[in-house]
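Peer 1: Residue-level listing of the chains:
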Amino acid sequence: MANTDSAAAIKAVYVGMFILGAVTLIEVGISLYGKGHLGAAPTSTFMLGLVGFLLIALSLYKAYFIIFKFMHMGHEVRGLKLTVLLPVLLLVWAVIAFFHEGNSYKERRETIYERNELPADAKKQTGQLIKELPEIKKEH
Amino acid sequence: MATDSHVIDPHDHDTKGHGGHHELEEDWSGGKNVFDVSYGKLMMWYFLLSDAFTFAGFLIAYGSIRFSSPSWPVPDFVFQTAPFNNLGLGHEVPLPLIFVTFMSFLLIISSVTMVRAVQEGHKENKNGVVFWMFLTIIGGAGFLGCQAWEWSNLIGVEKMTVTTDPFGTHTTSGEYLDHDGNRSGETFEVGDSYLIHMIGASHGDDHGDGHAEVHYDKPGDFPGALVDEKGYIHKKFIADDGTRGYAEFGPIAFGSLFFFITGFHGFHVLSGVVFLIIIMLNAASGVYVDRKNGYEMVEKIGLYWHFVDLVWVFVFLVFYLL
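Residue numbers (our numbering), protein chains in the order written: chain A, 1 to 140; chain B, 1 to 322.
Simulated from the structure, these hints should not be mistaken for laboratory data. It is possible that some hints are incorrect.
[Unchecked claim] Derived DSBU-like pairs: lysine-lysine, alpha-carbon spacing no greater than 35 Å straight-line:
1. Lys123/B x Lys236/B
2. Lys236/B x Lys218/B
3. Lys35/A x Lys159/B
4. Lys32/B x Lys292/B
5. Lys32/B x Lys81/A
6. Lys81/A x Lys123/B
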């Protein structure tokens with residue numbers, strides 16, 4: 001199981017605390033830089049993308065560190081690792097699909113706003129199935 | 001661990017060739033734990049996996065709604081306050097993300113003390129387990145206290161609700177009107193954030209746009225602002241292209257997403273603290289001494305506690321950092 005040399009294991013825990021704390025501080029620094037609190041705010045798409053990429057990468061590193069070092073996933077057998085970690089890969093597609101959907105909705109919403117501004121002509125609209133309501137005969 | 005003497009190292013399968021397959025069948029013949037962990041620990045892993053999907057569902061909903069919104073409140077504007085009059089610096093000094101970084105450190109440190117408790121458990125050191133679990137509980141309770149302050153500040157002072165987001169973002173650059181309807185000289189740029197104040201509210205933090213609530217005491221359409229029925233003061237402005245407008249609310253979903261997701265995480269912290277207390281008391285009373293399984297209950301609650309820290313990594317990322 002875990003490291004039998006207990007002094008080394010205890011030291012590793014405090015090293016882990018230092019790593020997680022340092023990564024968190026770096027993340028906050030990058031985030032504040034990206035929002036313009038440390039010097040001029042970056043404006044280029046590349047720098048903003050880099051800020052976002054670094055934040056996500058460092059968070060994933062923290063997640064890896066917590067799971068494999070603190071939760072000792074590194075010491076579990078392969079079958080346990082796979083049954084817990086592989087299903088998480090489903091989320092990769094969920095993230096891609098839903099974020100794409102959200103983005104697409106934003107773009108379509110802007111189109112809808114624009115079309116609402118156009119002068120409407122009901123007779124010329126296409127895709128309108130019901131042009132006039134049929135008259136209902138009242139029999140009693 | 002609870003396995004018997006015939007423990008198979010899974011890495012042997014790769015080196016032993018055909019022999020590995022034979023041993024794999026033996027693994028499943030019953031009477032031993034295939035994954036070399038107890039049933040309870042394995043099920044804790046699977047519970048955490050399912051919980052990860054719940055949180056992922058919430059966070060992905062947050063992401064897709066944020067992607068679908070034309071603007072979004074800037075985190076370091078929304079979360080720039082801290083207790084004790086901004087740590088004694090006064091409310092005119094913004095402290096973006098400082099308080100929530102402190103909250104993150106609390107969770108990291110309590111995770112570390114939890115690992116220490118598990119290590120002492122492996123050594124069957126009862127006093128060590130109780131001591132380190134006690135420190136973990138202090139850390140968890142401290143986090144909950146910080147979150148309580150954060151929530152009460154957002155709800156009570158800044159008037160954010162589940163359906164109202166007073167944190168807006170300018171989509172044009174322009175100049176605010178003063179309370180007589182004239183140009184006030186107070187300008188803003190595209191993308192600048194603002195907090196919509198409320199009638200009679202004593203905003204300790206003025207968020208850089210003056211104390212608008214001084215001039216208004218009832219709903220109505222005034223020269224300098226539109227005050228809605230709930231009492232939110234939407235300051236009027238003239239955009240650079242000459243059009244007039246007033247400060248509108250931010251995206252309606254922001255409040256509900258924030259309160260539900262951080263609330264769901266906070267509820268996990270709360271239940272974690274409760275279970276930590278129960279297991280610490282059990283450990284102190286010597287319940288786990290006779291089991292001679294290296295304080296496995298401490299290990300299980302440890303897994304849960306690290307998971308709470310793990311979720312916070314992502315809540316911190318999407319709500320505060322990005």
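Peer 1: Honestly, which of those hints from before does the structure not fit?
Peer 2: Number 1 - this is the single hint that the structure violates.
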